[in-house]
Every structure is written in C-alpha cells, then in structure tokens.
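Asks: Construct the complete structure from the given sequences, taking the supplied hints into account.
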Amino acid sequence: QKEVEQDPGPLSVPEGAIVSLNCTYSNSAFQYFMWYRQYSRKGPELLMYTYSSGNKEDGRFTAQVDKSSKYISLFIRDSQPSDSATYLCAMRVNTGNQFYFGTGTSLTVIP
Amino acid sequence: DSGVTQTPKHLITATGQRVTLRCSPRSGDLSVYWYQQSLDQGLQFLIQYYNGEERAKGNILERFSAQQFPDLHSELNLSSLELGDSALYFCASSVESISGNTIYFGEGSWLTVV
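Residue numbers (the working numbering), protein chains in the order written: chain L, 2 to 112; chain U, 663 to 776.
One or more hints might be untrue.
To give a feel for the contact side, a few chain U residues facing chain L, derived at Cβ under 8 Å [what the hints assert, rightly or not]:
#, residue
1, S664
2, L705
3, F707
4, Q710
5, E715
6, A718
7, E758
8, N763
9, F767
10, W772
11, T774
Restricting the straight-line Cα-Cα distance to at most 25 Å, the calculated cross-link-like pairs of lysine-lysine (DSS-like) are [said to hold, decoys possible]:
#, chain 1, residue 1, chain 2, residue 2
12, L, K57, U, K671
13, L, K43, U, K719
14, U, K719, L, K3
Derived Cβ-Cβ restraints for the label pairs, each shown as a range [stated by the list, open to error]:
#, chain 1, residue 1, chain 2, residue 2, range
15, U, T675, L, K57, 39 to 47 Å
16, U, T774, L, G10, 20 to 28 Å
17, L, S27, U, T669, 35 to 43 Å
18, U, S700, L, A18, 27 to 35 Å
19, U, G690, L, P112, 35 to 43 Å
Simulated from the structure, these hints should not be mistaken for lab results.
Quick reminder that beta carbons are idealized off the backbone N, C-alpha and C, glycines included.
Replies: The structure is reproduced here in structure tokens:
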C-alpha cells in the first residue's frame, strides 16, 4: 500500500464550479499537510500548508484535514480556467523527515 | 518565484554521457531535496541533504550522485545516461523548522537523453 493515495483524474469541470480534490494516507503519524499546484512542465507551487487537523482558508482555496479518517481535501470555489493544472498533495511526519507526495490530480476548468 | 534556482533549464545529451544539474536553495534554507518526474508520472524522491550532509535517500540509482556544498548549493550528477533517464529533475529546499515545515520547488531541469 502506498503511503499517500490520490485519484489521478482527469477531472473536468465548468468555470465557476466548486472543485473537491482529495488524498488518503496510511501513516497516522503524518502531521504536516500541503497542497501544491503544478502547471505543465513547471515546478510545483505551494498552495496551502496545514498542521494537524482542521480547516484553513486562503481566498478561493480551503484545505481540510481529517486525521481520524486519514483524509485530506482541497476545495476550490468559483473555479477559473487558470486553475487548470495538476494538484499534488504532500505530507510529512515531522521536521527533518521525508515528504510523501500523491501522484497528482489533473484538473481542467472549461470556460 | 519560489527563490529556488536551477540550472540548466533544458539539456539534451546522448546516451552514455554524464551531466550535472545545479541547484541554489532559497536564502536561509539548509535542506535540499532532489526529485525526478518522468512524463505523466508523479514526483520520485531521489535524495535529501541537510547543511552539507546526506540525510535521506530515496529511489536514486547508483549511476546518480549528489552533494551539497558549504555555500549550500547542491549538484546532482547523472552518469552513464540511458533513454529512460529523460525526465524533469526538480530541486526543492526547506528551512527545516517547526514554523517552516514545507518545501519550495525550483522550475526544474528538463533532461532529454537521445
């Protein structure tokens, strides 16, 4: 079993839709959770960073962590064509440890 | 701009050759990570250095090696190149503290082996 599982998609939504992206994980020791956005052939860009459980909101983006279910989500409200990219989740046990990445979900927002 | 600088951006080389990819981390970051991303594949962790010392090793081939220098820049050396080594190679850096527990990626070095 992989440490981090992420549905690769592809996911296609109309402009203005609410997008839900998810990852599940197996290691209950993960404490730090991140979402990255990667445009084609570009470096992953940090979108959201959350410590432990709970919600974090930043503009149109909301990150949720449910440690009891080992499940994290990224919600994108009022999706825009510029949100079309691959979204990667990542997590880590503690400072200094390795980061574990999901394989990424490809999202297309149709105008 | 993440602050992580990678050179070269693109590289085309022949099988059997050796190349060196260079990374300058963000100012103040002590930790450097190298990742490989093949076409339509996820990020594969290769190796991590912290303040000049190797800290963790992932799926790095014996033909590949890396080091981090006293000025904290890092180099990834790829030798005896094969067609299958064609990929995007990303460097990432982290400050490694409770308040800065995430990593920032460079734009990558796109290696094509022909």
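Asks: Evaluate each hint against the coordinates.
Replies: Here's how the hints hold up against the structure:
1. Interface hint status for S664/U: upheld, as the beta-carbon distance to the closest one in chain L is roughly 7 Å, under 8 Å.
2. A least Cβ separation of about 5 Å between L705/U and chain L falls short of the 8 Å threshold, and the interface hint therefore holds.
3. The beta carbon of F707/U is positioned within 8 Å of a beta carbon in chain L (closest approach about 6 Å), and the interface hint is therefore held.
4. Checking Q710/U against chain L: minimum C-beta separation of about 7 Å stays under 8 Å; hint holds.
5. Taking 8 Å as the C-beta contact cut-off toward chain L, the hint placing E715/U at the interface is violated, the least distance being around 12 Å.
6. Interface restraint check for A718/U: the shortest CB-CB distance to chain L comes to about 5 Å, inside 8 Å, so the restraint holds.
7. A cut of 8 Å between beta carbons decides the hint on E758/U: the least distance to chain L is about 6 Å, and the hint holds.
8. Hint status for N763/U relative to chain L: holds, with the closest Cβ pair at about 5 Å, below 8 Å.
9. Of the supplied interface hints, the one on F767/U holds, with its beta-carbon coming within about 4 Å of a beta-carbon of chain L, less than 8 Å.
10. A hinted interface residue such as W772/U counts as satisfied when its beta carbon comes closer than 8 Å to some beta carbon of chain L; here the least separation is about 7 Å, so the hint holds.
11. For T774/U, the suggested interface contact is broken, since its CB lies about 12 Å from the closest CB of chain L, more than 8 Å.
12. The suggested pairing of K57/L with K671/U is violated, with an alpha-carbon distance near 34 Å, which exceeds 25 Å.
13. Restraint check: the Cα-Cα separation between K43/L and K719/U comes to about 24 Å, which is no more than 25 Å; the hinted pair holds.
14. With a CA separation close to 17 Å, the supplied pair K719/U and K3/L stays within the 25 Å bound.
15. Checking the proposed 39 to 47 Å range against T675/U and K57/L shows it holds: the Cβ atoms sit about 43 Å from each other.
16. Distance hint check for T774/U and G10/L: the Cβ-Cβ separation is about 27 Å, which falls inside the suggested range of 20 to 28 Å.
17. Range check, S27/L to T669/U: Cβ separation about 37 Å, and the 35 to 43 Å hint holds.
18. The hint said 27 to 35 Å for the Cβ distance between S700/U and A18/L, and at roughly 31 Å that hint holds.
19. Roughly 41 Å separates the CB atoms of G690/U and P112/L, a value that falls within the hinted 35 to 43 Å.
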